[in-house]
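Chemist: Residues 0 to 301 in numbering that gives the first Met the number 0 are what the sequence shown lists, from first letter to last.
Don't take each hint at face value.
Said to hold, decoys possible - Computed Cβ-Cβ distance ranges for the label pairs, DEER-style:
1) LEU124 x GLY191: 18 to 24 Å
2) VAL146 x PRO195: 37 to 43 Å
3) PHE239 x ARG192: 33 to 39 Å
4) PRO222 x TYR67: 32 to 38 Å
5) PHE239 x PHE71: 20 to 26 Å
6) THR63 x LEU125: 41 to 47 Å
7) SER196 x VAL110: 19 to 25 Å
8) SER77 x THR144: 35 to 41 Å
9) GLY247 x THR144: 14 to 20 Å
10) PHE239 x VAL26: 31 to 37 Å
11) GLY205 x SER158: 47 to 53 Å
I should point out that these hints are in silico values taken from the structure, not numbers from a laboratory.
Built from N, CA and C at the ideal position, the CB exists for glycine as well.
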Amino acid sequence: METTADNAVGRTISSRRSVERLGYVFVAPAMILIGGLFFLPVLGLVAYSFATQDGRGGAGLPATLANYSKFFETPLYSSVLMTTLRVSAWTAIASAVIAYPVAIAVVRGGVIASRTITIAIIAPLLVSVVVRTYGWQIILANSPTGVLNWLLLHAGVISSPLRIMYTETAVVVGSVHVFLPLMILPLAGSLGRIPPSFAEAAATLGASAWAVFWRVTFPLSFPGLAAGLSLVFSLTASSFVGPRILGGTDGQMLGTLIEQQVSSAYDWPFASAIAVVLVSTVMILNSIGQRYVTAKPHDKAG
Numbered sequence: 000m001e002t003t004a005d006n007a008v009g010r011t012i013s014s015r016r017s018v019e020r021l022g023y024v025f026v027a028p029a030m031i032l033i034g035g036l037f038f039l040p041v042l043g044l045v046a047y048s049f050a051t052q053d054g055r056g057g058a059g060l061p062a063t064l065a066n067y068s069k070f071f072e073t074p075l076y077s078s079v080l081m082t083t084l085r086v087s088a089w090t091a092i093a094s095a096v097i098a099y100p101v102a103i104a105v106v107r108g109g110v111i112a113s114r115t116i117t118i119a120i121i122a123p124l125l126v127s128v129v130v131r132t133y134g135w136q137i138i139l140a141n142s143p144t145g146v147l148n149w150l151l152l153h154a155g156v157i158s159s160p161l162r163i164m165y166t167e168t169a170v171v172v173g174s175v176h177v178f179l180p181l182m183i184l185p186l187a188g189s190l191g192r193i194p195p196s197f198a199e200a201a202a203t204l205g206a207s208a209w210a211v212f213w214r215v216t217f218p219l220s221f222p223g224l225a226a227g228l229s230l231v232f233s234l235t236a237s238s239f240v241g242p243r244i245l246g247g248t249d250g251q252m253l254g255t256l257i258e259q260q261v262s263s264a265y266d267w268p269f270a271s272a273i274a275v276v277l278v279s280t281v282m283i284l285n286s287i288g289q290r291y292v293t294a295k296p297h298d299k300a301g
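Given the sequences, and given the hints that come with them, work out the whole structure.
Modeler: Encoded structure:
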């Protein structure tokens, strides 16, 4: 009997190992594709960032750190980096503030309300980012004929047009509109996994609606919040269309700076160095933020 049982266990283990090997075989093509389309270009970008510009729009040896030195030692480029981080942070924060009530409405609303709100969230994704951004250019125009300025002037709120276009504020507004769905959807998924009995129990014990949200709902929604913050921050930091159309000089970000180095200065090595700095900075900040936001969320629920 023991021999039979041992043989059965051995066959089970062998079968599982065969399935695992078969899984690796199926995954291998996808991994090769990802490696070829992502990792190799990134490695090429890093290598190019150490190259020397040849003066004709090309690059070559010797390898040098001059591109990185140029970036960090030039105040203009350092200020653009800080602008990029600042705009990305404000966009992520503003998106989170707006997304919470919308996500709660999606989760707790009726079937018709939830579907309507979901369609309203997804519908803008079907429109080109360029078209939506140009729409904000019309709304935020600095002239008296700009939609926002026209309304405020005719309402008597202001006496002269506001200067909103070509500022960091304009970039934040446009970026929030573009990336808000990517904050709402993860939050809605996270909120939907919170048992309603948790909020009901807190309310039964006398907690106010605000206390229930702050002490129960908010901490338990941290996984969705972390995903949304990461997506919005990363995509804003690397965006090009919004800063290019709405930012001007004051709202210039690293994405537009890279484009200028490639299309105007023809300095591909320096553009590659800027891209490496951007990707590295975003990855480091995302790692720090993920650790903080997702650190034992249940312990933070009071």
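Chemist: Falls inside 33 to 39 Å, the C-beta gap from PHE239 to ARG192?
Modeler: holds (35 Å)
Chemist: Quick check on a hinted range of 19 to 25 Å for SER196 and VAL110, using CB atoms only.
Modeler: Holds, at about 21 Å.
Chemist: If you check the beta carbons of PHE239 and VAL26, does the distance land in 31 to 37 Å?
Modeler: holds (33 Å)
Chemist: Does the Cβ pair PHE239, PHE71 satisfy 20 to 26 Å?
Modeler: Given about 22 Å between the Cβ atoms, the range holds.
Chemist: If you check the beta carbons of GLY247 and THR144, does the distance land in 14 to 20 Å?
Modeler: holds (18 Å)
Chemist: Per the hint of 37 to 43 Å, is the separation of the Cβ atoms of VAL146 and PRO195 within bounds?
Modeler: Holds - the Cβ-Cβ distance for VAL146 and PRO195, about 41 Å, lies within 37 to 43 Å.
Chemist: Confirm or reject the claim that GLY205 and SER158 have a C-beta distance inside 47 to 53 Å.
Modeler: Holds, since GLY205 and SER158 (Cβ atoms, about 50 Å apart) stay within the stated range.
Chemist: Just to be sure I understand the hint, the distance between the Cβ atoms of SER77 and THR144 should be within 35 to 41 Å; is that true here?
Modeler: About 37 Å separates the Cβ atoms of SER77 and THR144, which means 35 to 41 Å holds.
Chemist: Holds or violated: 32 to 38 Å for the Cβ distance of PRO222 and TYR67?
Modeler: holds (36 Å)
Chemist: So the hint says 41 to 47 Å: do the beta-carbon atoms of THR63 and LEU125 match that?
Modeler: holds (46 Å)
Chemist: Should the hint that LEU124 and GLY191 are 18 to 24 Å apart at their CB atoms be regarded as holding?
Modeler: holds (20 Å)
Of the numbered hints given earlier, the model fails none.
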